[in-house]
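Student: This is what each chain is made of:
Protein chains: 2
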Amino acid sequence: MARWEPGARERLQIAALDLYAADGFEETTVAEIARSAGVTERTFYRHFADKREVLFRTNDDFIAPYLEGVAAAPADAAPLAIVSSAVVAAAAFFDDRTADYARKRQSVITANPELQERELLKMAALASAIAGALRGRGIAEPAATLAAESGVTVFRVSFELWLADPDARPLAEIEAGVFVELGVVTASP
Amino acid sequence: MARWEPGARERLQIAALDLYAADGFEETTVAEIARSAGVTERTFYRHFADKREVLFRTNDDFIAPYLEGVAAAPADAAPLAIVSSAVVAAAAFFDDRTADYARKRQSVITANPELQERELLKMAALASAIAGALRGRGIAEPAATLAAESGVTVFRVSFELWLADPDARPLAEIEAGVFVELGVVTASP
Chain A
49 MARWEPGARE RLQIAALDLY AADGFEETTV AEIARSAGVT ERTFYRHFAD KREVLFRTND
109 DFIAPYLEGV AAAPADAAPL AIVSSAVVAA AAFFDDRTAD YARKRQSVIT ANPELQEREL
169 LKMAALASAI AGALRGRGIA EPAATLAAES GVTVFRVSFE LWLADPDARP LAEIEAGVFV
229 ELGVVTASP
Chain B
49 MARWEPGARE RLQIAALDLY AADGFEETTV AEIARSAGVT ERTFYRHFAD KREVLFRTND
109 DFIAPYLEGV AAAPADAAPL AIVSSAVVAA AAFFDDRTAD YARKRQSVIT ANPELQEREL
169 LKMAALASAI AGALRGRGIA EPAATLAAES GVTVFRVSFE LWLADPDARP LAEIEAGVFV
229 ELGVVTASP
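Taken in order, these protein sequences are the chains called A and B. Residue numbering for the first sequence follows the working numbering, beginning at 49 and increasing consecutively. Residue numbering for the second sequence follows the working numbering, beginning at 49 and increasing consecutively.
Bound conformation, chain A alone (with noise of 0.2 Å):
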């Protein structure tokens, strides 16, 4: 048996949100998982530490677009025109494609309050290496980490009302119109 299977990784995360959604995060043992993806334990275990980060991409594969983003904005642009032009490049991850997986995927979420844990855990991860690189190209605190949280905010915010609308705008134009309501919510009086 070949110690690498071709899609072994994409047929397991499918096999295992498609068993969640159905039975229940806590329900479904990694011996299901495996079985409905045709593959072993010992697979699952190659690409997964646990049943959790099934859902997750690592760190590193999420946050680079946003980092690329920040590194090409021009040098003068101001810290919350860069997290915005960041933001707003790395909606391309998610299109018509990834509809259907990410709305399954976050009603999951929604319903395991571990799960929750390790999302807000995924956003507060992105802040800070944003402020990073912010603070790399020479932005002063607090500046980098308020532009850097209001960024991630904004994601979020927009990405609800993405995935509660199956027909919605793509998410980049969403993002658009949510960063200039937040420039009007923050605004001085």
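Calculated directly from the structure, the hints in this document are not laboratory data. Take these hints with a grain of salt, some might be off.
Claimed, not checked - Taking lysine to any residue pairs in the SDA-like style, the calculated list, with each CA pair at most 20 Å apart, reads:
1) A:K170 / B:A159
2) B:K99 / B:I157
3) A:K170 / B:K170
Based on these hints, arrange chain B on the given structure of chain A.
Tutor: Frame of chain A, contents of chain B only:
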């Protein structure tokens, strides 16, 4: 033996934090915490569900002052002005008397991903409760969530600045400054 032991809750909190800081969160047992506080394990479990919860006020206790602040804001106040007055008013809980405990607690939490996740969940619950209170005042989405999340971001950034400097200005004063900074960062060009 009386079922109600005066001060047991507070003694347990202080004993637990001291043990977590000295020996590590993972390494400390409930039996050790109870012994150090001079109570039984049973008493520990009358007050806290588990080892982790000793470090957290209940969501209700933590969130109530913020909701009172939202309720007290003038009827015609803008969303972020409502949130800002609520956040600054709730800062009264954190004074010189609580700073040492808060500082030690923060270093225990920073050292443990499981505790970090719990802290993030608490912050998410706060943002969600404030957004709900804003919607109750007739403020629409996404403005309600953007204002609430921005307020929690300002709280977190300010809280870290306050903890980092033992001779810092009062938390409320730091927060007022960070709200101004947020307005600058998020201003449209």
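Student: All hints are to be evaluated individually against the structure, with a verdict given for each.
Tutor: We went through each hint and held it up to the structure:
no.	hint	in the structure
1	A:K170 / B:A159	holds (17 Å)
2	B:K99 / B:I157	holds (13 Å)
3	A:K170 / B:K170	holds (15 Å)
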